[in-house]
Amino acid sequence: MKPRSVTLPAIVLALLLAAGGAGFVEPRLSLPGVAAAADVVEIALANGFRLLIVEDHRVPRVAASIWYRVGSAAEAPTEHGMVHFLEHMVHQGTTSVGTTNFDAEKPLLRDIYETEQRLLKQVAADRKRLRERNVFYDELAWPTTPEIDVLRKRLYELEDKDSQYREFWAEYNWYHRYGFRGRHTDPVPATTSKEQIEIDIDLPAEAIELFFRLEADRMVNAVFRGWEAQRFTLLEQRLNRQGRRATRFDYEALESLTGPAHPANHPSGGHIRDFVSFNRERMLRIYDTYFVPNNATLALVGDITPAQARSLAERYFGRISRGDEPPPRMDLESEPPPGGSIRLDWVEPLSSRVLVRYRIPAVGHPDRPAFDVMALVLKETLKKQLGGVGGVATSVDVSAQRRGSPAALTLDVSSRRDEDLSRIETVMLTAVDDLRQKRVDAAALARARKTLRLQWKEIRADRGSLAFELGSFEVMDSWTTLAPYMAAHERASAEDLQRLAAQYLVAGNQIIGTTRRNPQPAASERKATRASSD
Amino acid sequence: VRRATSRRLIVCFGAGAVTAVILAACQSSATGVGETLPGRSRPLLANDWPHPRDYKFAASKFVPPDPRSALIATKSGLRAYVIPTAGESVVRITAAVPLGRFYEQADEAGASAFITHALMQPTAKRSAEEQTARLEALATRLELEESLDVATVTLDVLAEDWHDGVALLIDMLRRFSVDDAAAMAYKTGSGYARETARVELVGFRPTIELERVLGNYSLAAPKPGMGVSAAAVRSLSARSLRPNRIVLGIGGGVQRTAVETVLDDLTRGWEPATEPLRPTNLDVTRSSAAVYAVDDPSVEGWIAMGHVVGAVPDAERAPLAVAADILNTRLNIAAREIRGLANRTILVLPDTATGAGLLQILTGGRFEAVAPLVKFSLDEVTKIHDAAQPLGDGELERGKGAIVLGQWQTALDGVREASATYAVETVRYGGIDRLMKWPASVQQVTAEQVKAAALKYLDPADMVTVVVGPLEQIRRARHPRWPITLDGLNPRLTTH
Chain G
1 MKPRSVTLPA
11 IVLALLLAAG
21 GAGFVEPRLS
31 LPGVAAAADV
41 VEIALANGFR
51 LLIVEDHRVP
61 RVAASIWYRV
71 GSAAEAPTEH
81 GMVHFLEHMV
91 HQGTTSVGTT
101 NFDAEKPLLR
111 DIYETEQRLL
121 KQVAADRKRL
131 RERNVFYDEL
141 AWPTTPEIDV
151 LRKRLYELED
161 KDSQYREFWA
171 EYNWYHRYGF
181 RGRHTDPVPA
191 TTSKEQIEID
201 IDLPAEAIEL
211 FFRLEADRMV
221 NAVFRGWEAQ
231 RFTLLEQRLN
241 RQGRRATRFD
251 YEALESLTGP
261 AHPANHPSGG
271 HIRDFVSFNR
281 ERMLRIYDTY
291 FVPNNATLAL
301 VGDITPAQAR
311 SLAERYFGRI
321 SRGDEPPPRM
331 DLESEPPPGG
341 SIRLDWVEPL
351 SSRVLVRYRI
361 PAVGHPDRPA
371 FDVMALVLKE
381 TLKKQLGGVG
391 GVATSVDVSA
401 QRRGSPAALT
411 LDVSSRRDED
421 LSRIETVMLT
431 AVDDLRQKRV
441 DAAALARARK
451 TLRLQWKEIR
461 ADRGSLAFEL
471 GSFEVMDSWT
481 TLAPYMAAHE
491 RASAEDLQRL
501 AAQYLVAGNQ
511 IIGTTRRNPQ
521 PAASERKATR
531 ASSD
Chain U
1 VRRATSRRLI
11 VCFGAGAVTA
21 VILAACQSSA
31 TGVGETLPGR
41 SRPLLANDWP
51 HPRDYKFAAS
61 KFVPPDPRSA
71 LIATKSGLRA
81 YVIPTAGESV
91 VRITAAVPLG
101 RFYEQADEAG
111 ASAFITHALM
121 QPTAKRSAEE
131 QTARLEALAT
141 RLELEESLDV
151 ATVTLDVLAE
161 DWHDGVALLI
171 DMLRRFSVDD
181 AAAMAYKTGS
191 GYARETARVE
201 LVGFRPTIEL
211 ERVLGNYSLA
221 APKPGMGVSA
231 AAVRSLSARS
241 LRPNRIVLGI
251 GGGVQRTAVE
261 TVLDDLTRGW
271 EPATEPLRPT
281 NLDVTRSSAA
291 VYAVDDPSVE
301 GWIAMGHVVG
311 AVPDAERAPL
321 AVAADILNTR
331 LNIAAREIRG
341 LANRTILVLP
351 DTATGAGLLQ
361 ILTGGRFEAV
371 APLVKFSLDE
381 VTKIHDAAQP
391 LGDGELERGK
401 GAIVLGQWQT
411 ALDGVREASA
421 TYAVETVRYG
431 GIDRLMKWPA
441 SVQQVTAEQV
451 KAAALKYLDP
461 ADMVTVVVGP
471 LEQIRRARHP
481 RWPITLDGLN
491 PRLTTH
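Line order of the protein sequences matches chains G and U. All residue numbers for the first sequence refer to the numbering used here, where the first residue is 1 and numbers rise by one. All residue numbers for the second sequence refer to the numbering used here, where the first residue is 1 and numbers rise by one.
The reader is advised that the hints may include incorrect statements.
Keeping only pairs whose Cα atoms sit at most 30 Å apart, straight-line, the calculated DSS-like set for lysine-lysine is [to be verified]:
1. G/Lys106 <-> G/Lys161
2. G/Lys384 <-> U/Lys187
3. U/Lys125 <-> G/Lys384
Partner residues aside, some chain G positions facing chain U, computed with beta carbon under 10 Å [to be verified]:
4. Thr95
5. Lys153
6. Arg166
7. Glu167
8. Leu203
9. Gly226
10. Phe232
11. Thr430
12. Asp433
13. Asp434
14. Arg449
FYI, nobody ran anything at the bench for these hints, they're computed from the structure. For each residue, glycine too, the CB sits at the ideal point set by N, CA and C.
Bound conformation, chain G alone:
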């Protein structure tokens, strides 16, 4: 794409904005039940950057959560995991932060880029030599050639050289210096999912300008330093997410069976083999396409006024040019159901467990809220039948996933013994059948509604949670549907649950996964010696 530059009309528009705020839209909409100053104020800058502000002056801090509408659903084959990788790479500093001498870095950055270009050409030239044509292989033993090795080594050397100019963890350290609080346990205060990258920080109100400064810079001036090291940090996250490799495969297999062709079911952490294919060229394209103000929403909850937020947004984000509208890669409708029940019997030893899953509509669909109620009703039913003192289940969970479209309702029961799995599966399917057969326990339904009411009130009472949900709903549908969505839980009736069960919890939309401690030996061993990951 040809580089875009500032044009005269844009300058005139900037003057107009600075003079009088023309071009801003500020609907003040009510979010019922939010404590203190309850309204959500929406502000849209002329470049498409959107702010959602909830004033809450009880504590002099502000929760800020910025959302980019790009996730694993936007990835193409061979690049699964790239958007999560991007989330890490935009935390490696900018042209002015995280560097001691950006001018000195520039030739090195060019050298790194050109070396990678040579590497990509070499990979293309060696493509027939690299191809394994195998069924069972070690996903960590990445195929290579001597020529490729030389170029990789050169990349490592160049990045080491660039390190002399780096201030590692610069943004993160500045946030900490001024009172960072994050929702995440990992060092990077961000998450990537099917449809979004979100970055959230909670700071003292006096220092909230730092967020605008660093995040606007990140949106347009990010520099992808330490790319090769982060590739392995990402790999580490991916390998250890489920602890044991077989567990990860099992989960991914279930995901892929949920919708084989739909990008919503790509593992958001990526496929291990794809990690060798990741490259800066493609990642920069994703960054330039999606990290644009018209694809971002900033939710602010706390001790800040809309006027203050608007002024800071103007100063920082308002300077960034609007981008082309991102392609609708993530806006695919669900593929047709397969028309038959799918069963996955895992053959590597794992814990004794049964998962029953159904595809359900996504947030934004009128049927979706009632599935949250249904999940709790089913969970209580299964706990009573399988859990507790003397029960065969060691854990019972039923969840209605909210991210991604289509979403999924998953019943998940673990046991101590493989021998109990058959009975457990029968109980699970009977519980589902009971829902269809109009047997909904009124008391359980009331308790489910109350649980969701408590959850919603907890979200509203917590700055960070409210900012997160506002941003999340804005990405998935619209923030204006958040409160109605939560209110719809109260209206979900037994008839609604029965109707939805009859419509969605059917054999043709059903996936059953089973893992065992002592499975039958696999028809073919999928063992491969684990070698170096480089």
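Once you have looked at the hints, place chain U on chain G.
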């Protein structure tokens, strides 16, 4: 270049009037107008934004809820921090109890874990069913947090249910009784989670193994398969689960006077403890650096390294906290950012009243990363311990800000968090004075004090390392860039 310059002139001319937007374009910047980086399709944004170091933010106006006016005490001796907020529709109720290995006597090993387990899941079927029914009616669940010297049980309820929530929590603690058969049947577990998926503070196997290889560490997790006597459970619960030992935190949509009345009713006739708590007097023997390896094929490569520290004098606690924050940052940069060896490294200071306990670094990674992780982590400990190596630019202020503006404010952010924090603090330290003085203590810390704390408490010669993972594979693996081997670290195999 010519086009960019003329554009800048036009902008400057137009901006003669007012706007900061336009002035910005006139100012010098590290980035030229219209400049791009290789591979980028968007130009960089030239701007006049100050560097973060140049911002001068006003002092934080944060004031935590007043703990003194919140404190009430019932006739039975139970204390509670009650912090009401008008209009709040949720209430958090926390019970902090002096319970943990710190209070177990020699013949009581495992008793605290038994008590917390039985509190959460009563061993008698009827009690269990009643507890489940009451929780279901409240549409909530109990959250348990255990440490060496405080156990907390928390539940969030709707404001209209606060009375039932408080009653449930008090009943749980007050009605605790030892089921002899259950005590007889109980055996201590492994102490760790079977399926470790990341570096965790709870159930992390290397921590448990480290506690065990440290020989005389009296706060180590009890050996698996041990029994617990009903007498030991009774003795410990008689010291801990008593109204004069328990402190509640209640924050949210409640009325203080109503809570006072209810608490008086619920605790009437509850006998206070008469026996002293009898905390452990930790016997600290200096350890010598060594590497132990535990074979476990079910995980990747997890690591704990640390040593036992005795009581830390009050004057050294803030400097040690800042030193730990600085080292924690350096460890993550060394392992994660520079080398991609680990996703996360955590340095943990003992969180006990005296500061005594296990100081440890927790990390881990894939097979070929294990040995380099041990080496580079120890290198960072060596650097901060070395008196000749000063702190880096901004490290001191970063550490202080993270502790005061971040951690301290977070612990007291809002009535729900603050009420719980006050309860825990009071159980652990006997009051909230230390907590309220903590920001001032931290702000006064100097670079010299940080280095002195590092010299005393962060000595690589004391660091004992435990690696847990599939040893054969870890041994074979070689990192292509840092080919350090596990055998090169001279590990001792353990059979735990």
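*Among all the numbered hints in the text so far, which are the ones the structure does not match?*
11, 12 and 13
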